[in-house]
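Construct all of the structure, not just a fragment, from the sequences and the given hints.
2 protein chains.
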Amino acid sequence: MVSTEPKKDLRVVGTRPVRPDGVDKVTGLARYGADVKLPGLLFGRMKRSPHPHARILRIDTSKAEALPGVMAVVTNADFPRPPDGIVNLGELSVNGNFLLDNVMASNKALYRGHAIAAVAATDIHTAEDALDLIEVEYEALEPVLDIREAMQRGAPILHSGMTTEELPAGVKGDGPETNIARHVELSKGDVAAGFREAEVVVEREFTTGMYHQGYIEPHNGTALWKKDGQVFIWASTQGQYEVRDSVALLCGIPPSRVCVEPVEIGGGFGGKTVVYMEPVAALLAKKSGRPVKMIMTRQEVFEGTGPTSGTQIRAKIGAMRDGTIRAMHAELAFEAGAYPGSPFTAGAMCAFGAYDCENIYVEGWDVVLNKPKVAAYRAPGAPAAAYAVESVMDELAERLGMDPMELRLKNAATEGTRRVDGATFGPIGAIDTLKAVQDSDHYRSELTEPWQGRGMALGFWFNVGFESSAYANVNVDGTVSLVLGSADIGGSRASIAMQFAETMGIPYEDVKPLVVNTDSVGFTAVTGGSRTAYAGGWAAYEAAKDVQRQLEARAASIWECEPEAVHYDADGVIRGPQDKQFTFKEIVAELPHTGGMLQGRADVATDTHGPAFAVHLVDVEVDPETGKVEILRYTAAQDVGKAVHPSYVEGQIQGGASQGIGMALTEEYVFDDSGTMRNSSLLDYRMATALDLPMLDTILVEVANPGHPYGVRGVGEVPIVPPLAAVANAIYAATGARVTRLPATPSRLLEQLLDEGLTS
Amino acid sequence: MVSTEPKKDLRVVGTRPVRPDGVDKVTGLARYGADVKLPGLLFGRMKRSPHPHARILRIDTSKAEALPGVMAVVTNADFPRPPDGIVNLGELSVNGNFLLDNVMASNKALYRGHAIAAVAATDIHTAEDALDLIEVEYEALEPVLDIREAMQRGAPILHSGMTTEELPAGVKGDGPETNIARHVELSKGDVAAGFREAEVVVEREFTTGMYHQGYIEPHNGTALWKKDGQVFIWASTQGQYEVRDSVALLCGIPPSRVCVEPVEIGGGFGGKTVVYMEPVAALLAKKSGRPVKMIMTRQEVFEGTGPTSGTQIRAKIGAMRDGTIRAMHAELAFEAGAYPGSPFTAGAMCAFGAYDCENIYVEGWDVVLNKPKVAAYRAPGAPAAAYAVESVMDELAERLGMDPMELRLKNAATEGTRRVDGATFGPIGAIDTLKAVQDSDHYRSELTEPWQGRGMALGFWFNVGFESSAYANVNVDGTVSLVLGSADIGGSRASIAMQFAETMGIPYEDVKPLVVNTDSVGFTAVTGGSRTAYAGGWAAYEAAKDVQRQLEARAASIWECEPEAVHYDADGVIRGPQDKQFTFKEIVAELPHTGGMLQGRADVATDTHGPAFAVHLVDVEVDPETGKVEILRYTAAQDVGKAVHPSYVEGQIQGGASQGIGMALTEEYVFDDSGTMRNSSLLDYRMATALDLPMLDTILVEVANPGHPYGVRGVGEVPIVPPLAAVANAIYAATGARVTRLPATPSRLLEQLLDEGLTS
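Here the protein sequences line up with chains A and B, keeping their order. Whatever position you read off the first sequence (first residue = 1), add 52 for my numbering. Whatever position you read off the second sequence (first residue = 1), add 52 for my numbering.
Heads up, a few of these hints could be off.
One copy or two, either will do: identical chains are not told apart, so a pair holds if it fits within one copy or between any two.
What the hints assert, rightly or not - In silico BS3-like pairs for lysine-lysine, Cα to Cα no more than 27 Å straight-line: (1) K564 / K279; (2) K278 / K564; (3) K89 / K278; (4) K279 / K637; (5) K339 / K77; (6) K77 / K279; (7) K680 / K77; (8) K77 / K564; (9) K279 / K89; (10) K278 / K339; (11) K564 / K339; (12) K278 / K637; (13) K597 / K637; (14) K462 / K487; (15) K89 / K339; (16) K279 / K339; (17) K564 / K637; (18) K115 / K160.
Simulated from the structure, these hints should not be mistaken for laboratory data.
Structure below.
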């Protein structure tokens, strides 16, 4: 559709300008959800279930409603019932009943922290007092918190009527009902024949914990429900249109009646793509006739929002003695939390996505259990899958007596490789990225001390496309305000403005990007799937082209020549007959007196996103007395297509890697037997911080995405895919212990080292 | 350019739907300037000159700056000096130095209330206290407050270096300097020959007072000057782009560095087209590093903002015995206030604009004097001119023994009449409107009581075009949000949305109009000149056509046919081959899965606006003991082109008429000898209220403007043109006194009746 080679002479794309929102953020002007203030604003609070599994027999809100200062109370019964089945609304494709019941429980509470009712009051203390006055009569039910138990027949069942024939091996018991919500099978070739051929086979099972995205800013939402039925929502979200459509669905009104203003977002990482507070605030606002603001506490964030799935994954790879892989098989069981919807399909797609193998079979299960409903988290499903597969690859290399790098180079996917999901790769950078690491100083260095080890892993993420809009408003002084519909979670204002400036041949500083509410610009899909710099940049490119066409026509009318004789060149100069020319600023200065200013618009539905590959190399040192793992050195290489703003790309890589290191070593939800999370604060939920990590080195590999004007491919997600495996492989190299359960916390690793006689 | 006949089968245009901003306004949600609240907001106040004319010898702000709570003080010296001469910037074409010096005086204070300095403090009381601590040393100069005196040689001179050769007759004295800023001459034919031919000649001189627009909401402005140099302004304005460009000019920064958010406006009537507080708030914000809000008191509104010009006008008309007018001559002297810029040219254009006469000569002078600089006020300049001309027409009819209606019908302009400014009328409604009044029940009724009288007058206003933008965002549920750049001062959200809905063939309720800030939509000229429903509607029409073209292409791709085989029809149905069709909602439902949503954009620079005519008929009763005039009955007929929303059109007519009645009878600035306004409150400045008036009847005459898709011509201004003359003529009919000075207050009229022996 567009140039298949990136331009060689880019002026703006590839530079590192100042971010347009930076000053607002460091001076405190940027407006976050908590900063929203409105006349008559009420404060909303949620009452949440103390039980991980319980039938709700009765909710009596009368005492709460009678408390002075309480202006409205809502429960699930106040929401209209969504249509049954999957609802398609804008970009939404959801089971409306599950969405609603997760926002506020109907007949059953399915996890501790599940919202039961909400109160809006004139101040937050009154709202909290009112929560205590809401009487809820529960019938406590036996919870199921372990994915293995949840899959068994006879386990406590969360949703009546859920049945499946596609059970994993080893499921025992009977009864038609199950907690397995969905099943997926992906295959190519003949995997059984492949394993028969294979000379070396390695198979192992792995478990990962439940990890939260750990964004700094808690979820929040403020709603104003006007008397004419128009609803205005301020939301900290990655997808204001998704919030719009979700609120509309749950409140039973058309999407156009809801306008969502995306306030600044203090981190999302996938977790801010679903609604929690927004529809409740809307209904409280409707009932009270006043605006309502709700902000979660940190404990609510942990207990009431979506982390990523805990997983149990079995991976099996068979190879010839020369290292040629003949068969790959994986079984993935993913925790969905209380309602179906884990990223098990994405995990299945990514498990072997980095490899070129004729025979692949992947099977996955989406399993409900009494934990918070999971949400997207950066490359959802892929880190756990890569952990299993890349650990087995490491073991396979050892069994083959091959260098792990060589094994991967021999089998890595290349252009033309057909994936297990049916897609065929175009130009991709798996091998280039492996070689970039192989050529690195880090790779060539040696580790000499005992208890030190090096690990590597290869990660794949497919990236997505979807729809983006842009509206470019040419200003009289020869600048452009660029109106966007993408929430800016990590620098998209800058990266999209840069692509616009590049296309127009004007300075980056002359483009002012704006993120506006859902009424004010065209539909734009969620900021996620590593799509925004890619698809948003494309929309900006097309909007610039629309401006250029109009400027050419204007120049033709000024020069009194045919439009075909005029061309807007990449250097920002319009050229016409007889060496006539205008710079952009010159022609803009003519606009007011030759027909007025002009604007460009674009709405693109993109599907030529390029997949991304990452190779991470890590050195660790394990303390044999405590089991504590220290990261000594870390290098992350990645095929970034074209790094629009290299500093942001490096930041994405470092951020993804550090989150992955946290998953590998320190983070996870810890539940007690009663189903209560025991570490629901950022003090106890131990993410890797700058103090825990060395500088993370990055290597940017640019294999242009031919499906984008500037060769851009998504960069934000794949850096979280390899770290779990890379760290586990490094621990093995340092200790001889093959870690099959993450996080490898000090106590857990020490126990394994002691069990396996590797330390004493 | 477009259909020359209005469509006959309009579904939306011409109906009376609910206004989209109505609920917000009646429930208090609408945000006006006073409602703007920001963290760290400071409050600004102005120090103003107590002298109408003084040299400023010294300003010492040090004591004010030292007052705790004062965060910034600015004077004229803090502003960069604008470039000399006329600056063209966006729609601005102004003398930057005059603009700046009116915002804040430089070396001289030129009227009482002239801003001298401003303070921003943490609360408004501290700011006011600080004003008293600013020491200003003045050298008081003799003021000139009367336009006759101001034009004389030897009068106190406001601006050194101002000279002209084009002095009115009767100017005495000597010296090269003058207060006459500009002069204009318009002529056609041979007016001297015309008067020689004429068998009856009437000549008379008239004076009008200085009238304020009387908007309910005082001027205000809030500014935020960010650390990165971006400036954000909240303004109650008719033209957010004009505010943007003015603030940029006065602060010495590019327009794109300023973003103006138009908050709701509590009345403007032309007076909110210039900046007063906004640049000062901006500079205070820059100096203090915090946002600053400024709101005028009512006294400041009267003393520190622009009313319309007081005028002195001589009109002379000569006719044949059969009523054929042979010559028309007028001399107009307009008070500009302290800086040049009265609407004297518009007055000159409009004086005889309603008539078809071969020989016309009009001369005008723009005169500065020590009163506030005038601003636009509804049909600027035309009401005073029409007062003079229509009074003379009334007297001429009497002298000819002709019915005033017949005299006007005989001489009214028609299609093809060439105006004195050179333009030639297209289809116009002067005669239709006269006949509509002639056919009215009011006209046919009789007055029988003594001291009652009937007057009529014909008014003309040329209307303007200019540039408007629109951006139409199609929503997934088959509605459209319509993004506009026009401040909505009187229903333009509704009238533009109606034209969009009409064009798209969809319900009005499915269009959601939005007024956004200057960064977020294309340049749109000021809401004034009766241009907004006309040009904004046209932009909406073109944006709808842009949507339709894209929908046709999409339908063609769905139907797999040529785009030429698909047509979007006026009923909102897209039709293709083999009777295939989609309603608008049906095709929109297909968009998400066939290439994404779409938007339309338009930026039109219009020049086919249709001129407007109004005929007002009024019955009065004069109390011979007090001189008080009571309005008994009032009928206003107007050629409205096509009444988009008839209720709004009627409201515009009633509003204009009632303002004109106030000018005729009760309102004016009253100055004492020291140059102090003595009635600077809405209690003492007596506008006509609902209690003073009967129901004002309206007659809508629709002579389509062939230069607009729906025949729209501006309606907002011309209704203020005839009332002054109509009331004066009615007073003459009731009393026999020819009123040559307005307002005809009871005391003034009683004095005239006594002087002329008409009462005792």
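Verification of the hints:
1. K564 / K279: The answer is between: 16 Å across copies meets 27 Å, while 35 Å in one copy does not.
2. K278 / K564: Answer is between; shortest inter-copy Cα gap is 14 Å, intra-copy 32 Å.
3. K89 / K278: So K89 and K278 pass the 27 Å test inside a copy (16 Å) and across (20 Å) alike.
4. K279 / K637: between (46 Å within a copy, 26 Å between copies)
5. K339 / K77: between (35 Å within a copy, 20 Å between copies)
6. K77 / K279: Answer is between; shortest inter-copy Cα gap is 11 Å, intra-copy 34 Å.
7. K680 / K77: The answer is neither: 36 Å in one copy and 64 Å across copies each exceed 27 Å.
8. K77 / K564: within (16 Å within a copy, 32 Å between copies)
9. K279 / K89: Cα proximity of K279 and K89: in one copy and across copies (19 Å, 23 Å).
10. K278 / K339: within (11 Å within a copy, 38 Å between copies)
11. K564 / K339: between (40 Å within a copy, 24 Å between copies)
12. K278 / K637: between (44 Å within a copy, 25 Å between copies)
13. K597 / K637: The answer is within: 16 Å in one copy meets 27 Å, while 29 Å across copies does not.
14. K462 / K487: within (12 Å within a copy, 94 Å between copies)
15. K89 / K339: both (19 Å within a copy, 26 Å between copies)
16. K279 / K339: Classified as within: same-chain Cα gap 11 Å, cross-chain 41 Å, threshold 27 Å.
17. K564 / K637: within (15 Å within a copy, 34 Å between copies)
18. K115 / K160: within (22 Å within a copy, 69 Å between copies)
Checked against the numbered hints above, the structure violates only hint 7.
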